[in-house]
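Generate the whole structure from the sequences, applying the supplied hints.
Just so you know, the protein sequences line up as chains A and B, in that order. For the first sequence, this note's numbering gives the first residue as 10, with consecutive numbering after it. For the second sequence, this note's numbering gives the first residue as 648, with consecutive numbering after it.
Calculated from the structure, these hints are not laboratory results. Computed from a prediction, not measured in an experiment: that's the story for all the values here.
Simulated restraints on C-beta separations:
{"no.": "1", "chain 1": "B", "residue 1": "Ala889", "chain 2": "A", "residue 2": "Ala256", "range": "49 to 59 Å"}
{"no.": "2", "chain 1": "B", "residue 1": "Leu670", "chain 2": "A", "residue 2": "Gly206", "range": "42 to 52 Å"}
{"no.": "3", "chain 1": "A", "residue 1": "Asp154", "chain 2": "B", "residue 2": "Gly856", "range": "16 to 26 Å"}
Using N, Cα and C, we set each Cβ at its ideal position, and we do this for glycine too.
The primary structure of each chain is shown beneath.
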Amino acid sequence: MLLALLALLFGCQAQSGRTPLTVFAAASLGDALRAVELAHEAAHPDVDVRLTLGGSQVLRLQIEQGAPADVFASANAAHLDALQRGGHSTAGAPFAVNRLALIVPVDNPAELTALHDLPLAARLVVGTASTPVGDYTERLLTNADAAWGGGFGAQVRQRIVSREGNVRMVRAKVALGEADAGIVYATDVAGSDPVLGVPIPDGLNVRAAYHVAPITGRAQRAQADRFIAHLQSESGQALLRRAGFSAVP
Amino acid sequence: MRVVGTVLAATLVALVVLPMVALVLGAAPADWVAALRHPMLRPALGLSVVSTGVSLAVIVIGGTPLAWWIARSPGVAARATELLVDLPVVLPPAVVGVALLQAFGRRGLLGPALDGIGVHLPFSPAAVVLAQVVVASPFFVQAAVSAFRGVDADGMIVARTLGASPGRAFLTVALPLALPGLAAGAALAGARAFGEFGATLVFAGNLTGRTQSMPLAIYTALESDIGLAVVLSLLQASVGVALLILLRMSSVRRP
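Written out as structure tokens, the structure reads:
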């Protein structure tokens, strides 16, 4: 009985007959990579792409602890650089660019119309300092301080009521209406959740460069390289553009 | 047969104990120094201790009369209530968190009414307490009900015939007899409240010094510094062990 259950538990992984390719990806890449997954599997019927989405910092930690990932797509360069230093991956290559966006619930209770209004929000939700989006948010506030002065960043930080572990959790708290505003990626605005985007001036906005690399010491290295090549190909780039990402210049 | 049983039992013990041993071995002295000085530790520990204390007080004050009624009342209402208060035990904490948002969130069932009197529960320390009360109270109520059921009805009747009021009979006869069971339930509920994670993360959010309890601090530390997470985990675990010892001591009935 116990053995049968164990067999079932481990058997789940090797049923399809296709080579599984495990792709760890930043939460914000979810919609785009689900499209790439379908395109890649259509082009390579022998490969079964398995997406694991989460905060880039959590995925990096799991890879460092030996999680069976073949490819890691991070929302910044830093987490891949750390993996490379630890001998877990080869050097990351940029493959997509994102920007930050301010979001509010559909009824916009704090009546925000511009980034400058952000101190009006009584409850602001952002990413933790170790998430790429939280790090980019800090850079945005630094840029705003440099442009506007007057302790804008300090005022905004006082409005933070929660720091979430990945960008989709930030969006969820805003979509639920619990927070007056949140800072996410531009690609997260047009999701299924009811949130409105408030523009961030281009001059202050932050460029988020997504990096991807194969994880070292894995049997599926050739398939991993092919998946990354697909991501960088015209077909992959078109799917990323459709999800709101822009190309690496 | 006996050998097989021993091997199976030893395997289970190893599965449970080994991670704890690894946790103790995993903390380097340098990690301890860094962790004890870390700005996240003091607010998290403080919030956890205070919120658990408040939660436990709420649970014991409300749970004791509730358990007494459930134990003494033969009616259908008492059986139904007994079942309902147990519900959080079988629900994953994340479900409790979502349910709390649906009840007390800004767009929840009571959200607009609470908003009207200026109360905003989500993202507040009160939300931390509320999450703990919901997930931990069944452990106290269950223990208290069975403790009260073990109180001999004859003792109560004798007290009443000697002229004691129902309240006085409860305080002088039932309560002292049930006390070890109540204490055991309180220790278990306290441990559960101190360890509450999922419902807190969903309902109260994660902000150092306001809603970041120890389990949330461990989760946040894990994202950037495993050494810190290990030491925080050990601190958290030692409180659990202390409560477990308290539990064992209180459940040993006096002769």
